[in-house]
Amino acid sequence: MKEDEVKSMQQMLRRIQGQVGGIERMLDEGRGNEDVLTQLSAAMSSLKTVARKILAAEATRCSESSKASERYATLLKRFF
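Just so you know, the UniProt record's numbering puts 50 at position 50 of the sequence shown, and the rest follows in order with no gaps.
Treat the hints with care, since some could be wrong.
Each computed DSS-like pair below joins lysine-lysine, with the alpha-carbon atoms no more than 30 Å apart [as the list claims (entries may be wrong)]:
(1) LYS67 with LYS48
(2) LYS77 with LYS7
(3) LYS2 with LYS67
(4) LYS2 with LYS53
(5) LYS77 with LYS48
It should be emphasised that the hints constitute simulated quantities derived from the structure, not laboratory data.
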């Protein structure tokens with residue numbers, strides 16, 4: 001992956017870590033289930049975005065060789 005792609009994903013993952021920490025605090029504080037579920041949904045959506053970016057980068061790399069294409073197919077099966 002390109003350096004800027006890696007940095008972007010690292011930023012997203014740090015944001016997700018913050019979201020998860022916030023969810024944990026919400027549970028400690030006894031916040032309502034609807035609020036907690038809303039935050040969980042946001043964190044899950046962010047994780048899916050990171051996964052899609054990784055898959056897109058791998059797809060670009062796979063266009064270079066058939067062995068990489070096989071690995072990409074395996075990743076897709078695992079992810080979906």
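Can the restraint linking LYS77 and LYS7 be considered satisfied, given a maximum Cα separation of 30 Å? Holds - the C-alpha atoms of LYS7 and LYS77 are around 26 Å apart, at most 30 Å.
Is the Cα-Cα distance between LYS2 and LYS53 30 Å or less? Status holds; Cα separation ~11 Å.
Pair hint outcome, LYS67 versus LYS48 [Cα-Cα no greater than 30 Å]: The given pair, whose Cα atoms are some 25 Å apart, holds under the 30 Å limit.
Assess, step by step, whether the Cα of LYS2 is no farther than 30 Å from the Cα of LYS67, and give holds or violated. holds (21 Å)
Restraint check for LYS77 with LYS48, where alpha carbons must lie at most 30 Å apart: holds (15 Å)
Violated hints: none; the structure is consistent with every hint.
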